[in-house]
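Here the protein sequences come in this chain order: A and B. Just so you know, we're using the numbering used here here: the first sequence kicks off at 453 and counts up by one. Just so you know, we're using the numbering used here here: the second sequence kicks off at 453 and counts up by one.
Each hint should be verified, as a subset may be incorrect.
Note: identical chains are not told apart, hence a pair may lie in one copy or across any two.
No farther apart than 25 Å at their CA atoms in a straight line, the calculated lysine to aspartate or glutamate pairs in the DMTMM-like style are these [stated by the list, open to error]: (1) Lys534 x Asp603; (2) Lys477 x Asp455; (3) Lys477 x Asp639.
Quick caveat, the hints were computed from the structure, so don't treat them as lab data.
2 protein chains.
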Amino acid sequence: MSDRIKVVIVGAGFAGLRAATILAKAPDHLDITVVDRRNHQLFQPLLYQVATAGLSPADISWPIRTALRPYRNVRVLMAEAKEVDAEAQQLVTCEGRVDFDYLVLACGSTHSYFGNEHWSEVAPGLKTIGDATTIRAKILTSFERAETASDIEERQAHMTFVIVGGGPTGVELAGSVGELSRFTLSDDFRHIDPRQARIILVEAGPALLAGYHESLQREAVDALEGFGVQVWTSKKVTDVDENGVSLGNERVEAKTVLWAAGTKASGLGRDLGATDRVGRLQVNDDLSLNDHTNIFVAGDQAYFEGKDGQPLPGIAPVAIQQGKHLARNLLASVRSQPRTPFVYFDKGMMATIGRAAAVLQTGRFRMSGFLAWVAWSVVHIFFLIGFRNRLLVSLQWLWSYFRYRRGARLIAEPTTVLSSEPSSSGTHSSENARAKGRKVASAGSR
Amino acid sequence: MSDRIKVVIVGAGFAGLRAATILAKAPDHLDITVVDRRNHQLFQPLLYQVATAGLSPADISWPIRTALRPYRNVRVLMAEAKEVDAEAQQLVTCEGRVDFDYLVLACGSTHSYFGNEHWSEVAPGLKTIGDATTIRAKILTSFERAETASDIEERQAHMTFVIVGGGPTGVELAGSVGELSRFTLSDDFRHIDPRQARIILVEAGPALLAGYHESLQREAVDALEGFGVQVWTSKKVTDVDENGVSLGNERVEAKTVLWAAGTKASGLGRDLGATDRVGRLQVNDDLSLNDHTNIFVAGDQAYFEGKDGQPLPGIAPVAIQQGKHLARNLLASVRSQPRTPFVYFDKGMMATIGRAAAVLQTGRFRMSGFLAWVAWSVVHIFFLIGFRNRLLVSLQWLWSYFRYRRGARLIAEPTTVLSSEPSSSGTHSSENARAKGRKVASAGSR
Numbered sequence: 453m454s455d456r457i458k459v460v461i462v463g464a465g466f467a468g469l470r471a472a473t474i475l476a477k478a479p480d481h482l483d484i485t486v487v488d489r490r491n492h493q494l495f496q497p498l499l500y501q502v503a504t505a506g507l508s509p510a511d512i513s514w515p516i517r518t519a520l521r522p523y524r525n526v527r528v529l530m531a532e533a534k535e536v537d538a539e540a541q542q543l544v545t546c547e548g549r550v551d552f553d554y555l556v557l558a559c560g561s562t563h564s565y566f567g568n569e570h571w572s573e574v575a576p577g578l579k580t581i582g583d584a585t586t587i588r589a590k591i592l593t594s595f596e597r598a599e600t601a602s603d604i605e606e607r608q609a610h611m612t613f614v615i616v617g618g619g620p621t622g623v624e625l626a627g628s629v630g631e632l633s634r635f636t637l638s639d640d641f642r643h644i645d646p647r648q649a650r651i652i653l654v655e656a657g658p659a660l661l662a663g664y665h666e667s668l669q670r671e672a673v674d675a676l677e678g679f680g681v682q683v684w685t686s687k688k689v690t691d692v693d694e695n696g697v698s699l700g701n702e703r704v705e706a707k708t709v710l711w712a713a714g715t716k717a718s719g720l721g722r723d724l725g726a727t728d729r730v731g732r733l734q735v736n737d738d739l740s741l742n743d744h745t746n747i748f749v750a751g752d753q754a755y756f757e758g759k760d761g762q763p764l765p766g767i768a769p770v771a772i773q774q775g776k777h778l779a780r781n782l783l784a785s786v787r788s789q790p791r792t793p794f795v796y797f798d799k800g801m802m803a804t805i806g807r808a809a810a811v812l813q814t815g816r817f818r819m820s821g822f823l824a825w826v827a828w829s830v831v832h833i834f835f836l837i838g839f840r841n842r843l844l845v846s847l848q849w850l851w852s853y854f855r856y857r858r859g860a861r862l863i864a865e866p867t868t869v870l871s872s873e874p875s876s877s878g879t880h881s882s883e884n885a886r887a888k889g890r891k892v893a894s895a896g897s898r
Numbered sequence: 453m454s455d456r457i458k459v460v461i462v463g464a465g466f467a468g469l470r471a472a473t474i475l476a477k478a479p480d481h482l483d484i485t486v487v488d489r490r491n492h493q494l495f496q497p498l499l500y501q502v503a504t505a506g507l508s509p510a511d512i513s514w515p516i517r518t519a520l521r522p523y524r525n526v527r528v529l530m531a532e533a534k535e536v537d538a539e540a541q542q543l544v545t546c547e548g549r550v551d552f553d554y555l556v557l558a559c560g561s562t563h564s565y566f567g568n569e570h571w572s573e574v575a576p577g578l579k580t581i582g583d584a585t586t587i588r589a590k591i592l593t594s595f596e597r598a599e600t601a602s603d604i605e606e607r608q609a610h611m612t613f614v615i616v617g618g619g620p621t622g623v624e625l626a627g628s629v630g631e632l633s634r635f636t637l638s639d640d641f642r643h644i645d646p647r648q649a650r651i652i653l654v655e656a657g658p659a660l661l662a663g664y665h666e667s668l669q670r671e672a673v674d675a676l677e678g679f680g681v682q683v684w685t686s687k688k689v690t691d692v693d694e695n696g697v698s699l700g701n702e703r704v705e706a707k708t709v710l711w712a713a714g715t716k717a718s719g720l721g722r723d724l725g726a727t728d729r730v731g732r733l734q735v736n737d738d739l740s741l742n743d744h745t746n747i748f749v750a751g752d753q754a755y756f757e758g759k760d761g762q763p764l765p766g767i768a769p770v771a772i773q774q775g776k777h778l779a780r781n782l783l784a785s786v787r788s789q790p791r792t793p794f795v796y797f798d799k800g801m802m803a804t805i806g807r808a809a810a811v812l813q814t815g816r817f818r819m820s821g822f823l824a825w826v827a828w829s830v831v832h833i834f835f836l837i838g839f840r841n842r843l844l845v846s847l848q849w850l851w852s853y854f855r856y857r858r859g860a861r862l863i864a865e866p867t868t869v870l871s872s873e874p875s876s877s878g879t880h881s882s883e884n885a886r887a888k889g890r891k892v893a894s895a896g897s898r
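All chains should be built: construct the whole structure from the sequences, respecting the hints.
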């Protein structure tokens, strides 16, 4: 074994990559291994645009290896992390065990269905590129099936979209689906009018965008209603199946239900310390675990209380600042210096609602409407790492802004190593039985 | 029933869409239904760039509905065509039956494994977006697995890429994989040197690019060898499995085998007339079927002999010209005018080999190298329908030309409606059993 200090970072998101680059540049003798089960990092704040056909997956993701290429002391391991063996100081992955002196857990979070995990099969959430292309295919296929549906109720169910959860993701999804149906698809069909699509945003709490100022919450509702979105607050989803949702006694028939209601932290290392209700690991004020001070936790996976006594939210700025801070504390330990407590610097928050509308607040300053949307666009373009992606995304946004078009309206087949015969059905095999023999009227005969 | 004439076009490729737009613009009373099981058309000549991470799927595909939006007498039906009921004049689809007075079959072709269809599971071909992202994931994952492989033979097998078939697709794939390993990935790994990748292009015939002038065939071999590709001609693949290929007594261990050796025509309507060895329907010189003159066949699905007595190749210009011609003949019949025979106007052919190399021949004129590559780029950009795509693709090509980068290096998860837990394995579940418990050395200890 070498006498170099081994650092293993699990998760190449905002927190993990920020920590990795700071540690890699340090003059100390560190060997860093970044473990992620995907080969790409993801700019998650724009994932909803992939889901709603505004951007391609590659526009908001780029290879982890490329980001870390300059650092010869960093190794990337594409592997699934299985568990942390704290005693042996090893991370167990599907590609074998990896030794560490220091471990950074930055595995993020996934959807939570609050004990109804079977809902995930019919109401996908939005965390990965795979989720986004699944949601995109679901939305676009619904319009296709509405176009061919023979009875009115079935057609209406295909044209009803329920988004569960009124946080930023839910608001962004609902606004985008509204935009898609009102503008992008408006002239594409012959039997249906996509503008008649019914889009319902359901929030269990009393208001959308909890945490935002009341005036901005109202503005968000107004903007959404302008896109034809119905906002239902104080309504709780009690059941979800493939034909719709139940809200207590109320029932909505909808072939597309999207889940933006809850997340839970990754399960890796959950047994290493105290966790909160959604599985986040409670960390010390230096971001390490109480019983394992050589293990740091950051981002969505960490439970850390802000100045107001509330846990910090699972957003990119928190993850970035924590990744930076834990890297400094790790280096302090390596140099036998004292660690410092993490303090979150709140730059504010923003959410976009659809074409040319957004809300933004930072401290006492609040803004909404077109200018907020411009600010939102600038900030998001700016933080897209890699000039190529920034340039391309800007161009695509400008294009779709002026033309009301969305370039990525692609229902892609699943990636598989099985090639299929032309006679075998792709996306629609499940529909075959139902539709076999039914006659579809030719164009113009209706 | 209406008294309008019903035209059904199956397949929205080069032939089908060209026919559809001409028929849609005609002053005659036509109701046109375009049936395709996908929602997008595909610029297939650039599909290999998606497979080798140069472009995103949405860069070379766009919604069929968008292309046909201006024509109110055209309806798009996203459905799998099942069979042609010529007697009832109906097309049977998974969404029901569609009446026709005239039918256009332009369903294209798929891979053919010459009776060894089970090879498709390990040696994917390249026809659809799904194929391309599958191949991309296979190539990129091979490098990842080579990086973590513990023994030399396994590593070598992961770094060996066999491309079967020395036609344009095989040449383009081999050149791109060469470029990827020599330039794009060269600095991305720590344990392997991607430049050491072994890329073998196997062709059963005596030369690559059959039909090209001998001097260009030689130039292609030179260019490929410059990218580190080994060209094996007059070698026949006798077996393919997940660990490699057999060529008679010879065996090559390779985890990635790509199939570019053969195609066969779509099976739809195969019983309506005489077919050739690869299932193409023999058409009259007006592009209709002998026994069903109201059914036209075009593109890869049609067997039509050129002036030299050879069947026309399955390339875009043939499909486009046939789509145009059959539309005119169909209109002639509607107007009770005589049909005219189809004559193919050969504009020449071109193939690209990798970064800044291509071969091109038109009549007696031949060109190769950098200028041919520029010509190839201009022609392909020009024919990309839709200005947005043209602009974006040009920018991405310029970028990757100057930076040796490929922007779409994304191993995407399969699109599915099942969301997955963070603890469940994605791409690598099949590797788990093999790798469990094996120890991976930390960075720097090798």
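Results of checking the hints against the structure:
For a Cα distance limit of 25 Å, the shortest separation of Lys534 from Asp603 across copies, 23 Å, qualifies, whereas the shortest one inside one copy, 49 Å, does not. Only within a single protomer do Lys477 and Asp455 lie at most 25 Å apart by alpha-carbon distance; the minimum there is 18 Å, versus 76 Å between protomers. Proximity of Lys477 to Asp639 under the C-alpha cut-off of 25 Å is restricted to the inter-copy arrangement: shortest distance 18 Å between copies versus 53 Å within a copy.
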